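Line by line, the protein sequences give chains A and B.
The numbering of the first sequence is this note's numbering, which starts it at 5 and goes up by one.
The numbering of the second sequence is this note's numbering, which starts it at 7 and goes up by one.
Check the hints yourself; a few may be wrong.
[Stated by the list, open to error] Some chain B residues near chain A, calculated using beta-carbon distances under 8 angstroms:
(1) Pro12
(2) His15
(3) Leu19
(4) Ala26
(5) Thr54
(6) His57
(7) Leu103
(8) Arg104
(9) Thr108
(10) Arg110
(11) Thr114
(12) Glu248
(13) Thr277
[Claimed, not checked] So these bits of chain B aren't anywhere near chain A, every CB distance computed over 10 angstroms:
(14) Pro10
(15) Ala16
(16) Asp27
(17) Met31
(18) Val43
(19) Gly100
(20) Leu125
(21) Phe131
(22) Ala194
(23) Phe218
(24) Leu255
(25) Ala256
Keep in mind that the hints were calculated from the coordinates and are not lab data.
The model shown is predicted, which means the values in this text are computed figures rather than measured ones.
Even for Gly, the Cβ is constructed at its ideal location relative to N, Cα and C.
In case you want the letters, here they are:
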Amino acid sequence: MYYMGHRADPAIAVTGLRKAYGDRTVLDGIDLEVAQGEVVALLGPNGAGKTTTVEIVEGFRRRDAGDVRVLGVDPEHGDDAWRARIGVVLQSWRDHRRWRVGELLGQLADAYRPYGTPDRPRPRPVDELLARVGLTDVADQRMATLSGGQRRRFDVAVGLAGRPDLLILDEPTAGLDPAARREFHELVHEVVDLDGTVVLLTTHDLAEAENVADRILLLAGGRIVADGSPAAVARDVAGPSEVRWASGGQRHVHSTHDPVAFTRELLATTPDVADLEVAHASLEDAYLEIVRRHEAGQPLEVTR
Amino acid sequence: MSTPTPRAHAVRLGLRRGLADFRNMLRAPDDMAWNVVIGVALLVYLVTQRHVEVPGAGGATLPDLAMPGILAAVVVFGMVMGPAFALSADVEDGTLLRLRTTPRGTTTYTVGVVLAQVLGALPMFVILLAPWALLLGDPMHRGVAGWAALVGWIVLGTLATLPIGIVGGALAGRTTRVLLLVMAPVVALSAVSGVFGPQTIPGWASGVVQVFPLYWLAHGLRSTTLPPGAEGLEVGGAWHPEIAVLVLLAWAVVGLVAAPAVLRRTAARQTAGALADRLHAFLQRG
Numbered sequence: 005m006y007y008m009g010h011r012a013d014p015a016i017a018v019t020g021l022r023k024a025y026g027d028r029t030v031l032d033g034i035d036l037e038v039a040q041g042e043v044v045a046l047l048g049p050n051g052a053g054k055t056t057t058v059e060i061v062e063g064f065r066r067r068d069a070g071d072v073r074v075l076g077v078d079p080e081h082g083d084d085a086w087r088a089r090i091g092v093v094l095q096s097w098r099d100h101r102r103w104r105v106g107e108l109l110g111q112l113a114d115a116y117r118p119y120g121t122p123d124r125p126r127p128r129p130v131d132e133l134l135a136r137v138g139l140t141d142v143a144d145q146r147m148a149t150l151s152g153g154q155r156r157r158f159d160v161a162v163g164l165a166g167r168p169d170l171l172i173l174d175e176p177t178a179g180l181d182p183a184a185r186r187e188f189h190e191l192v193h194e195v196v197d198l199d200g201t202v203v204l205l206t207t208h209d210l211a212e213a214e215n216v217a218d219r220i221l222l223l224a225g226g227r228i229v230a231d232g233s234p235a236a237v238a239r240d241v242a243g244p245s246e247v248r249w250a251s252g253g254q255r256h257v258h259s260t261h262d263p264v265a266f267t268r269e270l271l272a273t274t275p276d277v278a279d280l281e282v283a284h285a286s287l288e289d290a291y292l293e294i295v296r297r298h299e300a301g302q303p304l305e306v307t308r
Numbered sequence: 007m008s009t010p011t012p013r014a015h016a017v018r019l020g021l022r023r024g025l026a027d028f029r030n031m032l033r034a035p036d037d038m039a040w041n042v043v044i045g046v047a048l049l050v051y052l053v054t055q056r057h058v059e060v061p062g063a064g065g066a067t068l069p070d071l072a073m074p075g076i077l078a079a080v081v082v083f084g085m086v087m088g089p090a091f092a093l094s095a096d097v098e099d100g101t102l103l104r105l106r107t108t109p110r111g112t113t114t115y116t117v118g119v120v121l122a123q124v125l126g127a128l129p130m131f132v133i134l135l136a137p138w139a140l141l142l143g144d145p146m147h148r149g150v151a152g153w154a155a156l157v158g159w160i161v162l163g164t165l166a167t168l169p170i171g172i173v174g175g176a177l178a179g180r181t182t183r184v185l186l187l188v189m190a191p192v193v194a195l196s197a198v199s200g201v202f203g204p205q206t207i208p209g210w211a212s213g214v215v216q217v218f219p220l221y222w223l224a225h226g227l228r229s230t231t232l233p234p235g236a237e238g239l240e241v242g243g244a245w246h247p248e249i250a251v252l253v254l255l256a257w258a259v260v261g262l263v264a265a266p267a268v269l270r271r272t273a274a275r276q277t278a279g280a281l282a283d284r285l286h287a288f289l290q291r292g
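Let the hints inform the model, and build the full structure from the sequences given.
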C-alpha cells in the first residue's frame, strides 16, 4: 500500500533537484513546494527546464540528484495506484486519428476504474467530461477531424478523467482561442474548488499565469529565481511602481514600493494634483527583466 | 459486482482496445485496399498457372505448391511488419505516451496492439482462402485434420514472428527506420526462402534461410497440405515437421522473453518533451 500523505503534507516537495543532458545542465538545484489546494504556474523562457521539471514530477524522467516527493511518493518508484491519482494533460497532435472522440475518452477513462474510492469515484462519467470541455457535439466524430483547439480540450478531458488529486499541465492553452482559453481557466478553478485538485502548470502566457495561479515560480538558468503571488513576483523582479502626476504646470514621476501610502501623502499635501496615474510593475515587466538578465549572463537571483 | 484485479482490468481494457483498433482498421479504406489489391493480384496470377503441374511434386500444381508458402508469407509479413509499423507510428504520434499517462497503460497498450495485429491478418486469409476452392480446387489433401494442422502451423508461426515485429518496431522507433531495419530484411529473406516452392531457393541461401522462421513455417505448411511425393522437392528430399516445430518454438520462446523487455524500455522513454520536439520538427518540415 502506498503512503497516502496527510492533508497538510505538500502535494509536491522538491529539494536540490538536478538534471543534465550530457554536459548541458538543465536543472541546477531546484527547490519547490506545492501545497494542498494550490494552483502553481511554472514560468520561464524556452530551455529553462520547465518541461524537464514537470516530467520528473510525473515520473516520466529520471533525475540526477535531489529529493522529489509527489503525493508522498518518489515518482521514480510510483506504482499504478499513485499514477491513478495524477492527471497529465499532454500536448497531443495526431495520436488515435481513427478513433471516435467519445470511444477513445471512454477507453482511457476506464483505466482509472479499479482505483476509485467511495469519496472519490473514478473515472468521471464520460458524458459529463465531454460536456464540461464542450465536445459533446463531436463525440461521434473521428479524432482526425478535430481542430487544434478541440484536441487541446480533449487532452484536458483525458487529464481530468481519473478525478485526479494532482493535475499537471504542460502549456495547456497553446493553440486555444481566447474564448476557449477563458473556458479552460474557469474549468481549472472549478476542479480546484469542487475536487480540491492541486494544479501544476507550465505556461508562456503571462496573462494565464496571473489569471489561474495562486503562485508563480519563475525558472531561469536552471534555478527558481522568483517565487510568490503574481503581484509579488512582479514587484520583486521588475521593481517599484511608478506614480505620475501633474501639478503647478509640471509633470512629475516618482518610484515607490508603496504607491498607496505615497499617493495618499501626495493628495494630502499637494492641492492641485491632476492626471494622477499609478503604474504597477507588471508580471510581463518582471518576466522580460528575467529573460534580459538571463541572456546578458547577469545574476538572476532576486531578493524576496 | 466483483472487482477484477488491476492487472486483469488492464488486460480486459487491452482486448477492448485491440478490437476497437481492428474495427477502425476494417473501416479504413487504405488498409483494406492494400489487402484486396495484393490478394487479388496473387489469385489472378495463380489462376493463370492453375494447370501447370510441377514435375516431381506428386501431381501437385503450381498453385498447390505455392499456397503454403503464400500463407507463411502472410503470417510473417503481417506479424513482423504489422506490429513494427504500428509500434513505430504509435511511438511517433504519441499514442504510447498517451497510454503511459494512465495507470497500467503499457499493459493495456501491449495487449491491444497484439490483438489488433493478429486480427489484422485475418482479412488477407479470407481474401485468399475463400475464393480458393472455387477458382483453384481444394488446396488441402488431408481433409479436416489437415485444416486443423494448418491452423496449428499458423498459430505457431504467429507466436514465432510477432515478437520479432514488436522488437523491431520498438528498436527502430521511427517509421522511416522500420523500412530499413525491418521491412528490407524481411523482403530480402522472403525473396530467397522459397515462397513459391523450395526449388526456388538459391543454393548459397539454403543454409541462411533455415535459421529463420519463414522457411520452416512454409515447410511445415507444405508438409501438411501437399500430397505424398511432393517431398522430393524439399531441401534434403524429405519432410521434417519436427524440426519446423522446434525452430518455430525456439523463436517464439526467445521472442516472448525479449519483446516485453524491449517494449517496457521503449515505453519508459516516452516523454511529453520528446513528443513536443517531434511536433516542432514536424511543423518545421512543413
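Going through the hints against the structure:
Satisfaction of the interface hint for Pro12 of chain B is found here, the shortest Cβ-Cβ separation to chain A being roughly 5 angstroms, below the 8 angstroms cut-off. With its C-beta approaching chain A no nearer than about 5 angstroms, His15 of chain B sits inside the 8 angstroms limit, and its interface hint holds. The beta carbon of Leu19 of chain B is positioned within 8 angstroms of a beta carbon in chain A (closest approach about 6 angstroms), and the interface hint is therefore held. Among the interface hints, the one on Ala26 of chain B holds; its C-beta lies about 6 angstroms from the nearest C-beta in chain A, closer than the 8 angstroms criterion.
Checking Thr54 of chain B against chain A by beta carbon gives a least distance of about 37 angstroms; that is not within 8 angstroms, so the hint is violated. Checking His57 of chain B against chain A by beta carbon gives a least distance of about 43 angstroms; that is not within 8 angstroms, so the hint is violated. Because the smallest distance between the Cβ of Leu103 of chain B and any Cβ of chain A comes to about 7 angstroms, under 8 angstroms, the interface hint for this residue holds. Of the supplied interface hints, the one on Arg104 of chain B holds, with its beta-carbon coming within about 5 angstroms of a beta-carbon of chain A, less than 8 angstroms.
Proximity of Thr108 of chain B to chain A holds as hinted, the smallest CB-CB distance being about 4 angstroms (cut-off 8 angstroms). Nearest Cβ of chain A to the Cβ of Arg110 of chain B: about 5 angstroms, under the 8 angstroms cut. The hint holds. Residue-level restraint check for Thr114 of chain B holds (minimum Cβ-Cβ distance to chain A is 6 angstroms; threshold 8 angstroms). For Glu248 of chain B, the suggested interface contact is broken, since its CB lies about 43 angstroms from the closest CB of chain A, more than 8 angstroms.
Taking 8 angstroms as the C-beta cut-off, the interface hint given for Thr277 of chain B holds, the closest approach to chain A being about 5 angstroms. Pro10 of chain B, annotated as away from the interface, has a beta carbon of chain A within 10 angstroms; the closest lies near 7 angstroms. Not every C-beta of chain A lies more than 10 angstroms from that of Ala16 of chain B, the closest at about 7 angstroms, which undercuts listing it as non-interface. Separation of Asp27 of chain B from chain A is inadequate, the least Cβ-Cβ distance of about 8 angstroms not exceeding the 10 angstroms criterion.
With a minimum CB-CB distance of about 8 angstroms to chain A, Met31 of chain B fails to clear the 10 angstroms threshold, and the non-interface call is violated. Under the 10 angstroms C-beta cut-off, the non-interface status given to Val43 of chain B relative to chain A holds; the minimum distance is some 20 angstroms. Chain A draws Gly100 of chain B into its interface by the beta-carbon criterion, the shortest separation being 4 angstroms against a cut-off of 10 angstroms. Interface exclusion of Leu125 of chain B from chain A stands, the closest Cβ pair being 15 angstroms apart, more than 10 angstroms.
Every Cβ of chain A is farther than 10 angstroms from the Cβ of Phe131 of chain B; the closest lies at roughly 22 angstroms, confirming the non-interface assignment. The beta carbon of Ala194 of chain B sits about 31 angstroms from the closest Cβ of chain A, which is more than 10 angstroms, so the claim that it is off the interface holds. The Cβ of Phe218 of chain B lies farther than 10 angstroms from every Cβ of chain A, with a closest approach of about 33 angstroms, so its non-interface assignment holds. For Leu255 of chain B, the shortest C-beta to C-beta distance to chain A comes to about 33 angstroms, beyond the 10 angstroms cut-off, and the non-interface label holds.
Interface exclusion of Ala256 of chain B from chain A stands, the closest Cβ pair being 34 angstroms apart, more than 10 angstroms.
Of the numbered hints listed earlier, those contradicted by the structure are 5, 6, 12, 14, 15, 16, 17, 19.
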